[in-house]
Amino acid sequence: MKIKVDLDACLQHGQCVIAAPEIFSFDDDGNLQWKAAPDEALRDDAEAAADACPEQAIIVE
Amino acid sequence: MTQRQLRMPALSKRSLWSETGMTSPRIAIAGASLAGVRTAEALRAALPNARIVLVGEERHAPYNRPPLSKDAIEGLASGHPSQEQILEKLLLRSKLSPGDVDLRLGRAVVSVESGQLRLADGARVSADWIIAATGLRPRHLPQKGAEERRYVLRGFDDACRLAGRLRAGSRMAVIGGGFIGCEIASTACKLGLHVTIVEPEPQPMLHALGTRVAAAMGNLHRRRGVRLLTGRRVHSFSNGNVVLDDGEALEADVIVEALGTVPNTEWLTGTGVDLSDGVLVDDRMIAAGSSNMLAVGDIARFANLRFDATCRRVEHWCVPGQTARRAAETISALSEGRSPSGGFAPMPSFWSEQHGMRLQSFGAPALADTQTVIEGDLSQVGEAPIIVEYARRGELVAVVGLGARPNSLARHHARLDKATIQTMSA
Ligand SMILES: Cc1cc2nc3c(=O)[nH]c(=O)nc-3n(C[C@H](O)[C@H](O)[C@H](O)COP(=O)(O)OP(=O)(O)OC[C@H]3O[C@@H](n4cnc5c(N)ncnc54)[C@H](O)[C@@H]3O)c2cc1C
Ligand code: SF4
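Sequence order for the protein chains is A and Y. Residue 61, in full-length UniProt numbering, is where the first sequence stops; the numbers in between run on with no holes. Residue 426, in full-length UniProt numbering, is where the second sequence stops; the numbers in between run on with no holes.
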């Protein structure tokens, strides 16, 4: 599974961090960090994060 | 799975008949916006052989509404990018592929008769399950007058009409200081209009945010140049003026009616379901008074066991996704002869953007009886980050951030999640 985030669209709502904390987080400067190729077992979380992102910035492949 | 925008009138032939012996219920969804699309996606994933028809009254492919009061209408007002490009950006990215659903846009469902949906184009759709995802429409003031200047904001077409009137120097009267009223007021301010908000309550967004935070938000609007008239109502419209109940006449070139919403439930009349405020559903999203009708999204009135057993409609963007997944679980369980798991307790959240500041809420602040500022200072709203905790009878029910850092909000969210789940099992 691959995760892409369109950082031009991302407005740092943090909904992804809440839906899938094992994939998404903010670093100390408040920048969004994510695992680009997380384990397949996290697919449901990844899809939930993509659904929860108000800017539709997350793409799960 | 790739994500694509759902725009093509899908060919429905492919999955029409199941040859595999797997369950292939016929499912009709009325309303092709966020809730309808998310339900179709969740059903497609849970029941690959289901035959899904998705009917939407709007002619546009399903799109996202929140930007319509924020950056999208700002773009529409400036004239570039073009309307088409702005709509393109709003379209919902969907996991559905062409052929997954039979998408019928530009026609309304007018009624349900003997288990069939009747569409405005005369077509009938037979269904084993019917899902109501028809959302809300804006409420209008009953007073006549000034019709050529009165606007509402719910859909893309509304936004295009209103955007044409957003010219620097124009005078705008916003009737209603709820979220949509406050957002359009702040966008209009940014575009150089002179904006007045008329709100009957003592503060804007009072019921949603509670006295202290609502008062702070009111101050933010005033500081950014909005004239905020609270405790006042519209008496009438005369000669293009908005006449208030204290006799003041506001001159306005543009009037936005942002008075709240009315559920689109007329098509369900006569089906026996409870339509007293939206569609009353149980914890499986099945409509009270029916065995095969469900409701999802803004129109659904449900109890959230995280807080209590009272049924409420919740007009937040997160609700369509949460209720859609629940409805799909219910239908797949019942179609396969299982019983759906009990209880429905999603974590509500919403956000708003006003005067360049993001407000983010988790939980149910409207239920709280006390508010405690745990970070920052409400007098600094819009200037420095603020986090407020909301409690009901001493128990944490919500956390709201005003320009707060997402990092710290995420931490509080985890705490809130734990606290509200505990209350539930207590
Ligand atoms: C301007 C605006 C800004 C917003 N901003 C925010 C925000 O910042 N944060 C937030 O959390 N939420 C926000 N929201 C709320 C959020 O957009 C809604 O919660 C969400 O759109 C609800 O989705 P829904 O699919 O249930 O209903 P809707 O989006 O209302 O969709 C219902 C659809 O059904 C169609 N329909 C109606 N009747 C029929 C019929 N008889 N037959 C067929 N189709 C029919 C309608 O045309 C519509 O397309 C905003 C809403 C608006 C309007
Ligand atoms: S939810 Fe979307 S917009 Fe928000 S931080 Fe995550 S990717 Fe960015």
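Simulated from the structure, these hints should not be mistaken for lab results. Every residue gets a Cβ at the ideal spot worked out from N, C-alpha and C, and that includes glycine. Where hints are given, some of them may not hold.
[What the hints assert, rightly or not] Okay, the calculated bits of chain Y under chain A, using three or more residues with CB under 8 Å as the criterion:
no.	stretch
1	104 to 116
2	265 to 276
3	292 to 305
[Unchecked claim] Pairs of lysine-lysine, PhoX-like flavour, derived with a Cα cap of 25 Å:
no.	chain 1	residue 1	chain 2	residue 2
4	Y	LYS144	Y	LYS70
5	Y	LYS89	A	LYS2
6	A	LYS4	A	LYS35
7	A	LYS4	Y	LYS190
8	Y	LYS190	Y	LYS89
9	Y	LYS70	Y	LYS89
Results of checking the hints against the structure:
no.: 1; hint: 104 to 116; verdict: violated (count 0)
no.: 2; hint: 265 to 276; verdict: violated (count 0)
no.: 3; hint: 292 to 305; verdict: violated (count 0)
no.: 4; hint: LYS144/Y / LYS70/Y; verdict: violated (29 Å)
no.: 5; hint: LYS89/Y / LYS2/A; verdict: holds (23 Å)
no.: 6; hint: LYS4/A / LYS35/A; verdict: holds (9 Å)
no.: 7; hint: LYS4/A / LYS190/Y; verdict: violated (32 Å)
no.: 8; hint: LYS190/Y / LYS89/Y; verdict: holds (22 Å)
no.: 9; hint: LYS70/Y / LYS89/Y; verdict: holds (14 Å)
Comparing the model with each earlier hint shows violations of hints 1, 2, 3, 4 and 7; every other hint is respected.
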